[in-house]
Each structure stands twice: as C-alpha cells, then as structure tokens.
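Student: Chain residues, written in single-letter form:
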Amino acid sequence: MELARMKKVEVVIDNTHLRLVLEILESSGVSGYTIIRDVIGKGDRGTVLADEPSESFKNSYIFTICDEERAKSITSRIAPVIRRFGGACFLSDVEWLMH
Amino acid sequence: MELARMKKVEVVIDNTHLRLVLEILESSGVSGYTIIRDVIGKGDRGTVLADEPSESFKNSYIFTICDEERAKSITSRIAPVIRRFGGACFLSDVEWLMH
Amino acid sequence: MELARMKKVEVVIDNTHLRLVLEILESSGVSGYTIIRDVIGKGDRGTVLADEPSESFKNSYIFTICDEERAKSITSRIAPVIRRFGGACFLSDVEWLMH
Amino acid sequence: MHIDLILQNILNPPVLMFFLGIFAALVKSDLEIPQSLSKLFSLYLLIAIGLHGGYELANSGISIYIIKVLTMASLMAVVVPIYAFFILKIRLDTYNAVAIAASYGSISAVTFITAASFLSSIGLGYSGYMVAAMTLMESPAIIIGLLLLSLFARRADSGIRWGEVFRESFFNSSVILLVGTLLIGTLTGEKGWKSIEPLFGGLFKGMLTFFLLDMGLIAGKRLGDIKKVGAFLLGFGIALPVLNAILGIFLARIANFNMSDAFLFSILCASASYIAVPAAMRMSVPEANPSLYLTLSLAVTFPFNIAIGIPLYYSLASLLWN
Amino acid sequence: MHIDLILQNILNPPVLMFFLGIFAALVKSDLEIPQSLSKLFSLYLLIAIGLHGGYELANSGISIYIIKVLTMASLMAVVVPIYAFFILKIRLDTYNAVAIAASYGSISAVTFITAASFLSSIGLGYSGYMVAAMTLMESPAIIIGLLLLSLFARRADSGIRWGEVFRESFFNSSVILLVGTLLIGTLTGEKGWKSIEPLFGGLFKGMLTFFLLDMGLIAGKRLGDIKKVGAFLLGFGIALPVLNAILGIFLARIANFNMSDAFLFSILCASASYIAVPAAMRMSVPEANPSLYLTLSLAVTFPFNIAIGIPLYYSLASLLWN
Amino acid sequence: MHIDLILQNILNPPVLMFFLGIFAALVKSDLEIPQSLSKLFSLYLLIAIGLHGGYELANSGISIYIIKVLTMASLMAVVVPIYAFFILKIRLDTYNAVAIAASYGSISAVTFITAASFLSSIGLGYSGYMVAAMTLMESPAIIIGLLLLSLFARRADSGIRWGEVFRESFFNSSVILLVGTLLIGTLTGEKGWKSIEPLFGGLFKGMLTFFLLDMGLIAGKRLGDIKKVGAFLLGFGIALPVLNAILGIFLARIANFNMSDAFLFSILCASASYIAVPAAMRMSVPEANPSLYLTLSLAVTFPFNIAIGIPLYYSLASLLWN
Ligand SMILES: Nc1ncnc2c1ncn2[C@@H]1O[C@H](COP(=O)(O)O)[C@@H](O)[C@H]1O
Ligand SMILES: Nc1ncnc2c1ncn2[C@@H]1O[C@H](COP(=O)(O)O)[C@@H](O)[C@H]1O
Ligand SMILES: Nc1ncnc2c1ncn2[C@@H]1O[C@H](COP(=O)(O)O)[C@@H](O)[C@H]1O
Ligand code: NA
Ligand code: NA
Ligand code: NA
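Quick note, the sequences are listed as chains D, G, U, Z, X and L, same order.
Quick note: the first sequence, position 25, residue 616 per the numbering used here, numbers continuous.
Quick note: the second sequence, position 61, residue 652 per the numbering used here, numbers continuous.
Quick note: the third sequence, position 65, residue 656 per the numbering used here, numbers continuous.
Quick note: the fourth sequence, position 189, residue 194 per the numbering used here, numbers continuous.
Quick note: the fifth sequence, position 249, residue 254 per the numbering used here, numbers continuous.
Quick note: the sixth sequence, position 111, residue 116 per the numbering used here, numbers continuous.
Keep in mind that the hints are not guaranteed to be accurate.
Said to hold, decoys possible - In silico BS3-like links for lysine-lysine, alpha-carbon gap of 25 angstroms or less:
{"no.": "1", "chain 1": "L", "residue 1": "K233", "chain 2": "U", "residue 2": "K633"}
{"no.": "2", "chain 1": "X", "residue 1": "K233", "chain 2": "X", "residue 2": "K33"}
{"no.": "3", "chain 1": "D", "residue 1": "K633", "chain 2": "X", "residue 2": "K226"}
Everything labelled a hint here was simulated from the structure, so no lab data went into it.
With these hints in hand, go ahead and build the complete structure from the sequences.
Tutor: Here it is as structure tokens:
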C-alpha cells in the first residue's frame, strides 16, 4: 500500500455552470473527479432551495484529487468562473491510495 | 488568485434536527454553507436505511467554510445538539479561494 | 467541548462493490460511517453517467472518521478492492468533536 | 372467522404484493423502490381517499350519526395511548413507553386503505366521514404522549417545545393533505370528482398494489430487527391491536354504527403509526429507541393487520351485527 | 366579470389544490413533493398536450386561420419583451430589466394548461394549433432579451455565447418535447392517440391537480421573498399580465380568432416563464438577481393568473365576442 | 418485408418517442428524466406484464404446448451465449467475450414489451406463458458465461463467488418481479385483474411511450461511444440478433408454435440484456470493459430491434406461417 501526498480540490457551483468547471478539470489532465448533484445551500447569492423550479439553479459539488501543481492551476482557472457566477472553491491536503 | 487559511466544519445530523444546526450556522455569521440531503450511514444510534418510512430519520450532511474562530464557536454550540440527538461533527484545514 | 485528532477515510466505489467496503469498515470496528449514494464521476474506468441503466454502475461515496491506526488498516484492506474493481480512496486529518 | 375470509383477504393483488416485497427483502434481492416513488404512492393514496371521501361527504351531508362517529374516534385517540402507556410501563422506561404508546394511539392510513379495498372486494363501500374520523385520530396521541412524558419523566428541562409540537402535530403532511382534500372534495362535489376520477378513483387499487410492494420491501428489511424488540413487545405488538379492535367494535356496537363503519373504526383503533408519530417522537423524545417503536409498528403490527387483522376484525364485527 | 366565473374557476380541484399547497408552505408543514415527482408531472403534462394537440392537428389540417394564429403568436413573443424592457428600465438596471422582460415575453405552460382545463370545465375545448402557438412563444424572448442586453449593457466582453444561447433556446426540454410530441401526435393520428389516451387523456385533469399542489408548495415557499421585490415590481407583476392579455385579446379580435383561441392566446401573452427563461438568464445574465425575476413570475404572476387572470381574461374575451 | 410493416411499427407513439429521445440526446438538450422515474416506468412495465400474463395463464391453464414453449426458451438461453462466446473469441479476449455473450444470451424486457405492443397494434394478442418464457431466459446466460470463464480464463483465483452469483441471478429484481407477479396474477385471476386493470392494463401503452422516451435519451447519450466498439463488434451487434431471431423462428416452426408466439420467441432470442447481465458482469468479470458490452446491447442492438428487428422478424415469421 502506497500513499501519495495530494491535494483535494472541492468546488460548489450551480448546475448551469458545472460544465465550465468540468471543462477546466478535463483540460488540466486530472485522473478523475466525483460529482454530487443537486446539493443545496446558502451563499452570497442567496439560498438554494430543495425545489427550485429549474434544475439549473441547484448546486453541484465536485471534488478531484490531484497533485499540488494541477490543484493550483485548476484553482486559478476556476477563480474567474466563481467571481462571475458565484460558488465556492477550496483546497486541502490528502493522502491518496495509489493503485 | 488569493488563498486564505480557513476551517471546514462538517456535520452529519438527522433531518429532524437539521434546523437546529442551520440556526447555529446562520447566527454565527458564516458566509455560506452547503447541504447534501438524504445521506445514510451508521453510528451509535444504529443504521439509517435508504428507505426510512419517515424522511425525518434520514441524515443530512452539511459543511461550511469559515475562519477558525467561528469554527470553534460553531463546534461548541453544536456539541450539545449532537450529545442529545446524535450525529457527527468534525473540523479540518482548508485553503479557501477568495473571490 | 473536546476535539480529538482523527483521520477521515474517504472512498468512492461503484454500488456493486459498496458492500465489500462496508464489510471492511464494519469488521475494523469504526464507530460509524456516512454514505452518499448515486454520485457520478470520471476515472480510469471511464465516465459514470447520471442515467446508467443499471444502478450498480453508479458510484457511492463513503467516509468514516476513525483513529489513525484503524485508518491505515482500512486503507490497506481497501487497496486490493480498488485495484481490482476501480474506485478511489484517500485520507486526511480532522478534529473530531467527542460526544 | 371463516378460513375463506382470510383467503379472500390474502388472495388480493395488494396483499400478495406485500408478501412479495417481504420475500424480496428476505432473500436480499436488489429489488428497490426509490424513495421518491414511495412518496408518490403515499401522496396519491392520501389525496385519493381525501378527495373521494369529501365527494361522498358532499352527497351525504353532516348528520347526528356522523358526529357520533367522529366523537367516538376522538375518544379512542385519547384513551388508547393512555392505557397503552400503562401496559408498557410494566416493562419499559418512560421514554420508550411514551413513544410506543403514542404510535399505537395514532393510525396507519395504509392499513385503513387496505381495509377499505378489502371491503370493496367483497362488495361493500365505505363512507366519506370515516376518512374524517381517520384524520381526527392521527395527531392527538402525540399530545397525549408528551403530556404523559411531562408527568412521568424526570427530565431536567422538559425539553418539549410545545408550540412546535402542536404545529407539527396538526400541520403534518398527512393531516394537511387529508383535511385539505376532504374540503376540496366536498367543495367541488360531483363535477369535480368526475373530472379527476380516472386518476384518483380508477387507478386506486392498482396504486395500492404498487405501494404495498414497497411497504413489503420496507417492512421486510426490518424483520431482522424483531429479535431486538424481545418477547414482551412482540406480544404487545399483536395483542394490543386485537384488544383495540375489540374495544372499537364494542363501542361501535353501543353507538349503533353500521357494520362497515364499525369494521373500519376497529382498523383505525388497531393500527399504529410508523410515519407521523415516530417523526414527532424523534424530535421530542430522543431518549426513546426508534428501533423499538418503529420496528414494532412497521414490522410487527402493520403486517399482522394487513394479513390477519383485516379478516379477523371483520368477522368479529359480523358476529355482532348479524 | 361575473363573480360566479371566478368561483367556477376556483372551485376546481386543480386550483383549490394550488391554494392547499400555498397554505401548507405558509404554515411550514413538512409536506414536500420530491423534485423527481415535479418532473414527472411536468413532463407528463407537456407530453400530453403535445400528443393531444398533434392528434387534433392531424384532424384539422393546416389552414390560413392557423397560420394567422401562429403569426400573431410570434409577433407577441417579439413585441412583449421589448416594451416590457422599456417599462422596467424606468426603475431597474439593464441586467434585471432584461431578465424580467424576457421572462414575461415567454410563457408558462402550466398556466396555459390550467386555462385549457378551465375551458373544458365550462364545456369548451381547445385546438391543437394553440399548443403550436405556445411552443412558438417559448423561446424568442430569450433572444430578444440578449439582443437588448448587447445594445444597452456596457459589458467589457459581451460574454454571450450566442451559439449556446440558440441551442439552449430552441432545444430546451420543453421546446423539444412540445415540438416532438406535436409531430408524433400528428403522425400517429387517431389510432395512435386512442392507444395512449387512457394515460395522456383520461388522467390529464387528475395529474394537473397533483401538479398544482406541488406548484402551490413551490410558490408558497417564495411568497416570503415578495417583500424583497418592492412595490414597483409587484405592481408590474400584476399590471403587465393584464396589459398583455388585453393587447392579446384585441389582436385576436382584429385577426378574427374564435373566442376560445382568443382566450388562450391572452393567457399565453399574460403568463411568464419561471423555468426555461430564468435558466437561460442565469447563464447569460449572471448580473441579474434571480430572487427578482424568479419570485416575480413564480410567486406573483403565476398565482395571479391561476386564480384571477383566467376568469378575468375570459370575461374580457366574452365582452368582445358576444 | 413490406415497407408498410416497418412504417406500421415506426408510426407508433412508443417507437417515435424513442427516436425523439435519441434526437434530444444528440442535440444535447437539457431534457432529462430523473432515474427514479426510469425506475417507476420499468417497475410498472414488469409488474403489468407479469400480472397480465399470470391472469391469462389462469385462464388458459398449463398444457403440453406451453411446456414445449418453455423448454425451447430454456434451450435457447443456454445455447445462444455459448455460440456467441465462440464467435466473439475470434477477435476478443476471454473476459470481454464472456460479458458480451452473456448479455446476448439473456433478454431485454422492454424489447419484448414493445414487440407485444406492436402485435396489439396490428390486432394480435400475446399469451401469458410468453412472459414465463421471458422470465426463464433472463438468468441462465449469466451462469453459462461464468462457466465459460472458469474454463477459458487463466485467473489466479477464479474470483467467482458462486453462491452470490446464483442468488443474484435468480433473485435479481426483474426475475423476482416477473415470477412474483405471474404467480399473483394466476392466483387472483379474473377478479384480481379487473380490480387493477385500469392501472396495469389501460395505461400500459402510454407508460411504454413515456419509458421509450427515456430509453431514447439513455441510448442516445451512448451513441457517441459506438466508435469505441469498432467495426467487428458493431457488425456483431446487428448480425447476431438477426441470426438468433432466425434460429428462434426455425425452432418455433419445428416445435409448431403459433405465429404470435414464434414472433415473440424470436424477439427474446434476438434481444440483449443491458441491466441484469451487465450488473452481474461488473461484479464477477471486472476485467471486461462495460463500454463494450453495455454500449453494444444498449446503443446498437436495442435501437436496431426496436426500429427494424420487430418488423423484420415479424415478416420472417409470416413467411413460414402463411
Ligand atoms: N462558506 C461556504 N461554505 C460552504 N459552502 C458555501 C459557502 N459559500 C458558498 N457555498 C456554497 O456555494 C453556493 C453558491 O454560493 P454563492 O454563489 O456565494 O451564493 C451556495 O449555495 C453554497 O452551497
Ligand atoms: N465515525 C463516523 N464517521 C462518519 N460518519 C459518522 C460517524 N459516526 C456517525 N456518523 C454519521 O452520523 C449519523 C448519526 O450518528 P449517530 O447519532 O452516532 O447514530 C450516522 O448515521 C452517520 O451517518
Ligand atoms: N482523482 C480522482 N478524484 C476524485 N474522484 C475520483 C478520482 N479518480 C476516480 N474518482 C472517482 O472514482 C470513480 C471510479 O474511478 P475509476 O475506477 O478510476 O474509474 C470515478 O467515477 C470517480 O467518481
Ligand atoms: Na391506533
Ligand atoms: Na407572456
Ligand atoms: Na437474447
């Protein structure tokens, strides 16, 4: 069993702009990512209810495990998306089970 | 791109008492939070199944990113709720993308 | 309020093999775990869509908070599962609210 | 009780589907019904009986007889949790006794609906005011339970937020739906009902069949927990419904109900809540153990009533009415 | 407007269920309809009116009259968002003015369906081409809105990805479903319709009843946000629909529509989108505040049209046609 | 094959809705059907054909003829995966060959149901025992596939948990539902069926229409993966169904089936599983690539059978029977 020091990048963004975030992840060459759809919450742009009439107003929560360099690059490219459309993004340290 | 050292506070609690946790978050002045509803799990109070007849028995998973001081205050106010009604609460370090 | 240094073990695995992971968690004596079902994502084995015809192809996301020793033992036992069937597993540090 | 009454009850698609669900759960099949579909079926059934009951109320109007039925219903909703509590106190602590007593003081709408569908399968109908009676019996047990708790439990602070309790008791989703649809059914009468009858009338038994498959799966998954409840509670989960039913039938006889009403009334008395009351107990009596009160009403009393209770109480009523 | 027209509209199961939903939301009941069920009802209703409309188109064929109706529909879809924008600009910034104007330039299918069901409850039918008209009116307002934005907003980069905007406007789910099912209904004609009529015809009003309960819950939860929109917008949310309806009726009169068509056309003009257009605005005009444009169309205009607009526009039309 | 047989098949609401779904997926519309609704439709269809089939079995009773049909079904369920495996081995490794062969050895209930609805649209019915035949053909291919794997793969440990394999094969949700509802339909007979017919009979074709829209969306999203499967497999995904269908029809001719049964039998032989078998393969043959076996049965064979296979096999059968 080998554990590698990696970064976890977590993003919350509305479903409408999920595609932009995924494009960034794909193009930065991460090995994978996980998406939890239809999460709700509260932020600067108000409350996201459980029964928004349009699904595009609900949030998605995405995380990816990648090396520090990629994490920094992803974060810097996500920054303008979040500045414009809202959402949240944060990083932390994890140990990744190599397989 | 600017990254700030922050805390992530994570809480798992049954839907019935979610409201109490949200009241604590709201009143402590965090900038936002995210909720994933209807998660299941196992803890001291037994197993939460995927098809509980009443939704109030299912769990919700909430996280908020905030500064350390707020994190401590939230945790200390959530402690009695969890002691009485069950659930889980834990903190970790994150770097938050300022926007 | 007392905070204990613990590990968070996070696992993403398809629903088919969720059972194997839960067996490992149960037998290692963790105090609890939380499951978020039907998450989607992308990894070495391709993309998991939101509408897989069979639910066994969707992913589940599980996390447990436990002490370091248990975390290591769980990770080493999950390693062969992930090597064979795919998925992701990673560890991080948390402070756990004792109750 | 004639054996063919039992068969007549069991050889019905809804009841058989219930057993199919239990079977699938026991053999750990991957058969699963997503919770939003459970919600669809249960909302549908509540709305359907509410609208239909209201429509029939519009036809029948309010009479002394109906007021008598509703009075009896209120009476039993208050009395049952009290004596159930004292029986339970023999072996249990106050918290668990309260939670279980409150569950049995309330009702299970699905049991009522299955009984109504049994009635219709033997050619009898049911009256709209029985739906009103059911609605009346949903919530009082919560209040009674918490009153018993204040009297008997030595909690530092009572911890009961009465305001919230009342709101959650009387505005909980089934009460709101039943009261609302009863009213709507009454207000829109014949013309209203005809326009929605294909959905809320015609499909009724089919939807019940679908839903009981789901209930079978849910109850079946909890059958494993039965060993945790112990012999005393297991006996309680079967004996109390029968006792409640008998009491209900006698009261109905004294009050001169017609036989269908008496039978449905006995079902209301005999059935136990596994949704609204447990949810309320979780909030106000966290000390009580859900795997006792939930398992008992869902995995013991509900199947018992569906399979045996319905024909049993029906034949008891037949004895007194014929 | 006769008072009994209002009553006739309100004393319908669907409309009453809408109010029940609002009530449940206001008293903070735990009544909740999972979003996948909302989706079920809305998909069902769109498919049902599409298939039925197509079937009727197959019977009636295309005529000059129908082309006239469709032309008028297109005209209003272009004109309404423009004058709405200039009215809104009096008090709002460009971004919010665009988002709101676009919502009111488009339509609400549920309002249309409720109006159609009102027609049928007073013994009148509706024609298949009105569904086609509705479809035509769904998307132009998005394009018009973004054109206005390019003209009036001083954004560094316009930020509008026009390719995507067109794709999302004309292939959004309701447009695709309506166009698709209109075609399928036309192609499969009488025989096709008969085979699926029990689901898509018979259950129609019942499903609408179920869905309006859900819409009531959703609208009710947003009623609290009304104070945020302010008096100007509140007035706008009621006055503009009435203005649009009147304009629609006059155009219909000039173009010699029959009365049912005129009434439904006025409903289309008066109703505002709370799904497709807001979703498009979220993407292309993130500067606009959803709690203005969404609250206004969902919590103000939608309930107003359902409860008062329908009988009001109907009596306006009656005045001109009788 | 007459061109109007193809038209007659395609100009049906269910089949057209399937194409609408594919179209919506191809233009990347936001049209989406939540997975719990897929589940609703598929559960509904399985329960409906099970109950209806059981009811017809109760009428017809068991005969030598029926036993012959069921024997043939079992035979094909064993033979098809074996020869499919050897064909696939020409170009593929053992793991992928096993997974694909097992899929084609099993059946697709939705294909069967669409064929049955095609039959009814040309005025023919289908017999209850054909549902039993379908049920029999669901699972053997899984076992055969894993046996082939043990023989041909050189895995360190076989890694197959046979106990679990058998349990998952014979208690998987569709087998349990079909066997269960066949039994329930038989036991409750005429009276049972009549009480639930409005839901499980009347709405059948409408629900199929709804579900095929969903299947179109799902299949459409996977069309992009077709290029990954390569020419050999693409050819296989079309040629093998036709081969299986022809073989099925000949066997049916020899065994003297009536024509409707022969046609449905050929459909069962020709169709491939995209739910139960892939799920089993994922567990027991993780080395195989789902984007081969899933894409092939879901995005190639399923659409082919729905659009062309049904009229093709029907005209083949007509040739031999008339
Ligand atoms: N401090 C926070 N902690 C956790 N989640 C957040 C936070 N701020 C925002 N979010 C999530 O991001 C979504 C969009 O945020 P905003 O654009 O700020 O409204 C919210 O609905 C939350 O789900
Ligand atoms: N050690 C743990 N790790 C992760 N989740 C936990 C843990 N303990 C409890 N939980 C979650 O918290 C819920 C309630 O816990 P409890 O009140 O202890 O039964 C469980 O159903 C789990 O979802
Ligand atoms: N680097 C990663 N970061 C986050 N999630 C991942 C990562 N790699 C894989 N996953 C998740 O694990 C699932 C299975 O991965 P795989 O077996 O590699 O296809 C994917 O569908 C993702 O949900
Ligand atoms: Na009771
Ligand atoms: Na409009
Ligand atoms: Na086959």
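Student: Run every hint past the structure and note whether it holds.
Tutor: We went through each hint and held it up to the structure:
Taking the CA atoms of L:K233 and U:K633, the gap is near 17 angstroms; set against the 25 angstroms cutoff, the hint holds. This hinted pair checks out: X:K233 and X:K33 have alpha carbons roughly 20 angstroms apart, not beyond 25 angstroms. A distance of roughly 16 angstroms separates the Cα atoms of D:K633 and X:K226; the hinted pair therefore holds under the 25 angstroms criterion.
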